[in-house]
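Enquirer: The chain contents come next:
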Amino acid sequence: MTADQVTRALTAAVPGLQPELRPRKVGVRSPVEVPELWVEVPREGLVPAVAALKAAGPVHISVISGRDTGEGIELLYHLAVGYGTAGGEVMATLRVTVPKSDPTVPSICGVLPGAETTEREKIEFLGVSFTGIPSTAHVFLPDGFPGHPWRKDDPETAKLVNRLVEWEGNDG
Amino acid sequence: MGLSSFKRALWVFHIATGSCNGCDIEIVAALTPRYDVERFGIKLVGTPRHADVLLVTGPVTRPMAERLKRVYEQTPDPKAVVVVGGCGSTSGVFYDSYNVVGPVDKIVPVTAYVPGCPPRPEAIIHGVVTAVAKLEELTGGKR
Amino acid sequence: MAETQNVYEIPIGPIHPALKEPIRFTFQVEGERIRGVDIRTGFAHRGIEFMGMKRNLIQTLYLSERICGICSISHPIAITLAVERAAGIEVPPRAQYLRVIYSELERIHSHLLWAGVAAHELGFDTLLHLTWKVREQVLDILEELSGNRIDYALPIYGGVRRDVAPEQIPKVEAMVRYYRGLLDELLDAFLRDPSVEARTRNVGVLTAEEADSLCAVGPTARASGLSKDVRQDRPYLVYGELGVKAITPRDYGLEPRGDVYDKAVVRLLEVAQSLDLIETCLYEMPEGEITSFPKIPALLAFLKKAEGEGLGWHEAPRGEVIHYIRLEAGVEEPIAWKVKAPTYSNLMSWVPMFRDQEVADIPIIAASIDPCICCMDRVHVVRDGSPGTVLKEDLLRLSRAKTERIVSGARLSVPGSRPTAHGLRTTDYGGGL
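Quick note, the sequences are listed as chains A, B and C, same order. Each residue of the first sequence is one higher than the one before, counting from 1 in the numbering used here. Each residue of the second sequence is one higher than the one before, counting from 1 in the numbering used here. Each residue of the third sequence is one higher than the one before, counting from 1 in the numbering used here.
Keep in mind that the hints are not guaranteed to be accurate.
[To be verified] Distance condition first, Cα-Cα at most 20 angstroms in a straight line; then the derived SDA-like pairs of lysine to any residue: (1) Lys133(C) to Pro33(B); (2) Lys133(C) to Tyr95(B); (3) Lys159(A) to Tyr95(B); (4) Lys152(A) to Ala329(C); (5) Lys25(A) to Ala329(C); (6) Lys25(A) to Glu241(C).
Please keep in mind that the hints were generated in silico from the structure rather than gathered at the bench. Keep in mind the model is a prediction, meaning the values are calculated, not measured.
When you get a sec, could you build the whole thing from the sequences and use the hints?
Expert: The structure is reproduced here in structure tokens:
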């Protein structure tokens with residue numbers, strides 16, 4: 001798998017994408033370049049983009065990371081394309097930003113069933129919702145946890161840190 | 001304090017309340033041939049109802065607090081609680097988490113602390129022995 | 001589920017330590033057979049990423065080491081790679097080799113730890129004590145090199161904190177020789193023992209297809225025949241030059257079945273692979289600096305000015321670890337940090353592995369993905385709404401009784417011999433509680 005192939009697959013599936021190649025030099029004696037692609041994807045383009053990557057080569061979802069940018073929520077899908085090809089994996093990161101007023105993202109579980117845990121985790125930590133996700137049960141936080149810890153504007157988590165409230169979690 | 005303070009074989013129950021596994025593997029290491037606590041009659045048991053000593057590791061996460069209390073209540077008297085590791089003793093690096101309610105002594109009474117991240121097996125054995133000696137002192141040697 | 005009235009629920013846990021995710025299983029069982037499993041995690045959730053985003057990067061590094069006491073080199077390696085990428089820090093060549101040496105030492109200790117735990121779950125405690133006795137040798141070397149048995153504080157942004165001194169090299173070489181001499185004995189004990197084979201063959205099967213679609217990583221995926229290893233596929237440090245190959249049961253001359261036996265094959269062969277890597281690194285390692293920032297205040301000042309984002313990955317003993325970090329100029333703490341531990345990816349693999357297996361096989365199947373299960377504590381059998389409790393000991397006893405049954409079954413084939421009484425009617429278990 002090469003970065004070119006991944007770029008072509010992405011741009012063919014979702015017109016207008018502009019993947020940015022950030023190669024990293026690895027090694028000491030005979031350094032090689034390990035390709036990394038970073039690309040902004042509109043949320044409508046997410047499922048087609050992931051499906052195109054899957055069609056291009058075996059895809060492994062490492063994790064979805066995310067952060068609160070202030071006005072919106074940024075989700076980063078870290079996907080290893082060409083998974084299991086010796087020296088030939090391309091790490092592609094799809095960046096999806098959604099506004100806080102409507103933090104909804106389509107679930108990619110239909111394409112990659114292995115993404116379920118990490119999507120569920122984002123529901124708890126960032127308060128986003130995934131349309132079409134098989135389960136929304138909590139993974140790490142107790143059920144009924146009052147806040148979303150990775151939101152910067154979340155007063156509930158801060159109260160729990162400072163032990164201003166005693167809250168006995170219910171873990172189901 | 002020495003081997004004479006062992007009035008009988010000690011049965012130990014280990015409960016992890018959100019530890020990183022570092023202390024837990026050192027507890028197991030204490031059981032295996034290099035340290036071999038079984039030669040002193042110390043052994044790990046599978047239920048608190050059979051235990052004399054509770055070995056508690058971890059900073060006590062929110063869901064584990066209630067379970068720790070329950071395990072403590074299930075352990076018959078007289079009993080000793082030994083906290084293994086820095087995070088159980090003081091919350092350590094996990095002091096400002098929303099999901100940590102420890103340290104252990106906020107949840108159940110503690111007889112001895114074994115600091116370290118993680119403590120060596122020798123220290124864990126010493127902690128158990130210290131706790132038992134203290135317990136014998138408190139109960140006037142009658143156990 | 002044909003007859004739902006015969007399906008009972010067995011919750012197991014949560015008093016049981018795992019890495020970031022201690023777990024409660026709720027099994028649906030029909031007689032002795034497991035029909036389904038529900039997994040609940042989060043009992044040891046400490047909010048490490050949340051805390052890391054409020055601390056400076058050096059403190060975050062120490063926090064990353066305490067994600068898992070067994071992977072206390074893997075997580076720091078992944079976070080340092082991510083930060084070095086985000087901030088544009090170069091790592092001196094010698095430090096890259098040293099990081100490989102340290103992480104392979106960790107792999108040896110972790111795989112031996114697993115082998116012992118697996119033997120214990122099968123009721124083969126002699127083997128537990130043997131493997132943990134020989135494991136002390138690698139802990140001695142780690143202590144020699146780092147100063148601590150567990151939690152080594154070795155990687156730091158820009159390099160490593162300790163070098164391997166010339167006088168330490170013979171000790172490491174002696175350790176390599178010791179394990180090489182022992183390996184055949186270990187392979188014998190685990191792979192050529194008929195009762196171990198009977199308990200692990202075709203138990204807890206994960207097919208290659210399932211492993212692929214559920215995104216399994218590490219030895220769990222490799223035992224199913226998938227040739228996936230971050231060290232091989234997505235080179236970092238000097239792994240690309242060392243020519244690491246993913247180990248599957250094929251390397252032992254077996255067609256992969258993805259069962260517990262195959263997982264043992266992969267892990268034991270990886271011990272041998274790690275020994276080779278350590279030896280190669282010791283000889284090939286160039287002289288030179290071990291860090292590009294010998295002074296921590298200078299490092300902190302540099303990191304405070306840094307801006308950018310980066311990924312760092314590493315093949316931990318259990319599979320792929322990946323860290324994402326985002327730095328902003330002017331703030332000391334990372335503004336985003338995400339950690340992915342291998343068990344997080346392997347979590348879903350348990351579902352197909354448990355399906356249609358026996359209750360007595362729960363301990364070994366759960367342990368087979370190596371979630372650091374040291375303790376599976378309580379089983380609650382709820383029948384007609386009235387709970388009865390099966391303790392971990394009972395579960396272990398069941399597992400052991402099964403081993404004995406298999407062994408005595410083998411003896412049965414000798415004409416005239418009779419099975420010995422085990423004092424436990426294992427076959428009655430499912431309906432009898």
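Enquirer: Each of the hints needs a verdict: does it hold here or not?
Expert: Consistency of the hints with the structure:
With a C-alpha separation of about 6 angstroms, the suggested pair Lys133(C) and Pro33(B) falls inside the 20 angstroms cut-off, and the hint holds. Annotation: proposed proximity of Lys133(C) to Tyr95(B) is violated, straight-line Cα distance about 35 angstroms (limit 20 angstroms). Between Lys159(A) and Tyr95(B) the alpha-carbon distance is near 14 angstroms, which keeps this suggested pair within the 20 angstroms criterion. At most 20 angstroms may separate the alpha-carbon atoms for a hinted pair to count; Lys152(A) and Ala329(C) meet this at roughly 18 angstroms.
The suggested pairing of Lys25(A) with Ala329(C) is violated, with an alpha-carbon distance near 24 angstroms, which exceeds 20 angstroms. As the CA atoms of Lys25(A) and Glu241(C) are separated by approximately 13 angstroms, the hinted pair is consistent with the 20 angstroms bound.
Of the hints listed earlier, those the structure fails to meet are numbers 2, 5, in rising order.
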